Amino acid sequence: MGGTASTCDEMPGGQPLGDLVITVINDEDPSDAMSGFTVQIKGSVNDSQPTDKSGRATFKGLPAGPYTYTQTNNCFVNPSPDPSANVTAGSTNTADLHVHANHSTVKIKQLAFTGNNPVENDTAGVFAPPEWVDGRAQSDQLPVSYARNKKIGVNATFTVTAAPSCTETVNVKGTATFGSASVELTGSVTVNPGDAGKDLAAVSLTSNNPLPNQIDIFESTDISWTAQVASGSGVRNPGSQPTVPAGTTRNVIYVTLGDPAGSPNHWTLLDISCRAASGKDNENDFVSASFVPFTAHTGDGNGFKRKRDGKELTYYKFGAGTPSSGVFSCSDLLSRVDGTGRCGAWANFLVAMHQVHGVTSSAVLDVVPKFAPLLIVRNCAFNGAGSLPAPFTHKGQTECVKSDGIFGQGKNNPQFTFGDHALVKHPTGIYDPSYGVGPKPDVKTWQVGGIAGLGDSAIVSFPFGGDSHFMPAKCSVGFILYTAVAGDTLDSIATSFGVASGSVLYNHAYNWRLQALHPPPGTVNPGDMVIIPRDIASIDILKPNP
Amino acid sequence: MRRIRWEQSVGLVLLAVAGCPRYAMTDNKFDFKFAPLAVENVASVSSVRLVAEGKFATLAVMRKSQDGLPELNLEPISGSKNPTRALFPLTSPFGTPSWDLARHATGFAAVWTKPGSAISQLGYQYSGGEELKLTGRYPAGIFQSPRFVRGAAGSGPALTAVMLQGGSYGLVLFPSALESGKAVYQNLPSIASGVVQDGLLVRSDSGYFLVVRMLQQGDRAPDRKDARGESLPAGVLVFSRLNAKLEALGPIVKPLGDTPVYEFDCDLIDGGIFLIATTQAGYAAGRANIAEAELKWVTFSILTKQQLVSPSLLGLENRVEAAVLDDSSASPRVLIGSINAH
Chain S
1 MGGTASTCDE
11 MPGGQPLGDL
21 VITVINDEDP
31 SDAMSGFTVQ
41 IKGSVNDSQP
51 TDKSGRATFK
61 GLPAGPYTYT
71 QTNNCFVNPS
81 PDPSANVTAG
91 STNTADLHVH
101 ANHSTVKIKQ
111 LAFTGNNPVE
121 NDTAGVFAPP
131 EWVDGRAQSD
141 QLPVSYARNK
151 KIGVNATFTV
161 TAAPSCTETV
171 NVKGTATFGS
181 ASVELTGSVT
191 VNPGDAGKDL
201 AAVSLTSNNP
211 LPNQIDIFES
221 TDISWTAQVA
231 SGSGVRNPGS
241 QPTVPAGTTR
251 NVIYVTLGDP
261 AGSPNHWTLL
271 DISCRAASGK
281 DNENDFVSAS
291 FVPFTAHTGD
301 GNGFKRKRDG
311 KELTYYKFGA
321 GTPSSGVFSC
331 SDLLSRVDGT
341 GRCGAWANFL
351 VAMHQVHGVT
361 SSAVLDVVPK
371 FAPLLIVRNC
381 AFNGAGSLPA
391 PFTHKGQTEC
401 VKSDGIFGQG
411 KNNPQFTFGD
421 HALVKHPTGI
431 YDPSYGVGPK
441 PDVKTWQVGG
451 IAGLGDSAIV
461 SFPFGGDSHF
471 MPAKCSVGFI
481 LYTAVAGDTL
491 DSIATSFGVA
501 SGSVLYNHAY
511 NWRLQALHPP
521 PGTVNPGDMV
531 IIPRDIASID
541 ILKPNP
Chain X
1001 MRRIRWEQSV
1011 GLVLLAVAGC
1021 PRYAMTDNKF
1031 DFKFAPLAVE
1041 NVASVSSVRL
1051 VAEGKFATLA
1061 VMRKSQDGLP
1071 ELNLEPISGS
1081 KNPTRALFPL
1091 TSPFGTPSWD
1101 LARHATGFAA
1111 VWTKPGSAIS
1121 QLGYQYSGGE
1131 ELKLTGRYPA
1141 GIFQSPRFVR
1151 GAAGSGPALT
1161 AVMLQGGSYG
1171 LVLFPSALES
1181 GKAVYQNLPS
1191 IASGVVQDGL
1201 LVRSDSGYFL
1211 VVRMLQQGDR
1221 APDRKDARGE
1231 SLPAGVLVFS
1241 RLNAKLEALG
1251 PIVKPLGDTP
1261 VYEFDCDLID
1271 GGIFLIATTQ
1281 AGYAAGRANI
1291 AEAELKWVTF
1301 SILTKQQLVS
1311 PSLLGLENRV
1321 EAAVLDDSSA
1331 SPRVLIGSIN
1341 AH
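Read top to bottom, the protein sequences are chains S and X. Numbering-wise, the numbering used here puts 34 at position 34 of the first sequence, and it's gapless, one number per residue. Numbering-wise, the numbering used here puts 1272 at position 272 of the second sequence, and it's gapless, one number per residue.
Some hints could be false.
[Said to hold, decoys possible] Simulated pairs of lysine-lysine, DSS-like, Cα-Cα distance not exceeding 27 Å: (1) S/K370 / S/K543; (2) X/K1182 / S/K370; (3) S/K440 / S/K425; (4) S/K370 / X/K1133; (5) S/K60 / S/K107; (6) X/K1182 / X/K1245; (7) X/K1296 / X/K1245; (8) S/K543 / X/K1064; (9) S/K107 / S/K198; (10) X/K1245 / X/K1305; (11) X/K1225 / X/K1245; (12) S/K305 / S/K198; (13) S/K107 / S/K42; (14) S/K307 / X/K1225; (15) X/K1182 / X/K1225; (16) S/K543 / X/K1133; (17) X/K1305 / S/K305; (18) S/K305 / S/K370.
[What the hints assert, rightly or not] With beta-carbon atoms standing in for the labels, derived distance ranges: (19) X/A1177 / S/R275: 55 to 61 Å; (20) S/A458 / X/R1137: 50 to 56 Å; (21) S/V292 / X/K1245: 46 to 52 Å.
The set of hints was computed from the structure by calculation and includes no laboratory data. Every value quoted in this text rests on a predicted model; they were computed, and no experiment measured them. Ideal Cβ placement from N, Cα and C applies to all residues, glycine included.
Hey, can you work out the whole structure from these sequences and the hints?
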């Protein structure tokens, strides 16, 4: 654009002359006075002049005629083709030169989290960063785990979607709200001309605030990324640079009670426990809350689903045909194709679940009968008095008959006769993850609801619930043996074991040997073996397997 | 230098069955010339092991059992005139045992698993003796995959097992006192990260070699079942030399690369360590000269159309005997073969 004003200049020899004033205008900010630029004109005279503090370059005494003009600052883009102005003799002609700078735009390309506890893919190996990659299906973005109250860190890689005219510094920021915590991850990247389409070097960012100080799981929380050009030779007024979106990222973030201690950070363990104990911030509440799902996933088809492949996790899925190797540990449960395990595997599974939260005060407690080779888990019906000599009075599966029992993890009727059984002991109580029972204050209380009886070592096999099972050939409702010492009486022994009276104890069928030894009304001598039957006493028929 | 030979062949077993000239390899030192062995009631065979009796090999055969008392029988092979004999049952009422057999001063010694619900103890018995609880010192212990130490004779039988310790599996060695009921284990070095599946220790005059099968990481090859019906997850073999103190000397190598394997066996003979492992599509075999400071494995992978399980190797004088079960059909077959060790 231009105009004219009257002048009296002319060249020696009488050729009429005119002036040309070119104003450089920053299209990004027309109020910006573009001083310090150099404007070149080409026409019958070629010349260059600096702009003054108002952004004007003045060319005096030009022969009349057309002139093209540009400015020389490479950080600013001239119009194309070069604009032109016509100089009229005797006039001050004016023209505008509209320029702009090309600025960077970037987009988040990938995130590799830092300061986190890498998640292990259920024995298939630790997930390798980057945990988030642009273009990867959301379901394939990798899970991330942090201990509560920790700051999120990332090595963020950005792709340049538009390159600047000149090197620029771009501020990048990720913002997200994780529960009660609003976090920002801020940093800057340098973008050079020619970077278009390129991935920039990863920038290390750390959140300003920590994650909430409690267990949690964030499955649908986005980190929204923005970018703002901050500085560069082509940046005249940083404050006027817009903040532009640079993409969003989403990872499932598990927040644990503490850093893992003693177990790999298995994905399935994180998922079950963080989901169940969301909001908990202390060990006891966490242990109690994280066990609740174990009580809800028993029975056919209800088992936990392994995160790695969706396989249902089960307890003794195949009854007596359940494998006998590779079924004893948490890693077995997570690695086996069939997803089944024995009680040791489930006990280890629960202990490992505690350990991924840094809880190390729980331990596997293996229990065995005190005075019998086998224990029988409920339910079995002891019909009649039984036809066998006490204390194993009932024939397996004819007089002691299996019925639907306590469901196991993902299995209606798992195996129910064992030489031992693995529980988990924690200060909050006794847990039986195999059957989803607990917490109980002690083993004795647990066995009241869990144990049908005891058995001798020989077994009988039979089909039940579609599987082959076995149970003791000789069964008992349970008992312990007591050897009388000096000073004992039948009443004192009865009292110590919660039996109603000495006569009740003496007259119980299990004490037929004592009855034969000491005719009614009966007595005991030191060294006599007294059987304390479970059906009339308050006794603990199990003991820890040392 | 490692050589791999892939043969898109059905010849291995088809020719072996027919008794015709068998599968030919360029390097005939690895042609085991497998052929079926006539074994009575072969359909009941669930696993096999080769053991030496003098200069002959004998095949120990475990049969499937419904009563928790699978029996071990001894089948003479390679010219032995010994009769077929029953050894002793491997009592394991709560599950099918994994087991191993070795020579013993009284004849043979066997070790096997006796799984309970949460535990897995090891039973031990030798010819003429009573059954012992080898792991009696550790009544709540979980021991799996017991294997007798192979190679040079030591002061007596020793064996390894996979033991669950603190939630992780590791290899342990019972070096002595197997018959005392008070045997004490010592940990073997961990030579790879991941989940230990099984392992084997081979003793030489100057030290040991440890072969461990680790659970395959990442996308795993499909599991398979052995002839007992037990699942066999795919694993990868790792190998290390150990010194006399059982410390890893390195380097840690994968003799078969990342080839997924299911079971393996190896033995030492005349300065060579030999290896056989079942793979997804057949088997792989390898050997290395233990005199080399850094062992170089020469390996071959052989494709078959059969599912091979329970591989067993036995170094015997200057031969390497091999046995394997072809479990491809309802009627498994015992295949045996041998190669010259030199």
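Worksheet item: Which of the listed hints are broken here?
Response: Those not satisfied are hints 5, 8, 10, 11, 12, 13, 15, 17, 18, 19 and 20.
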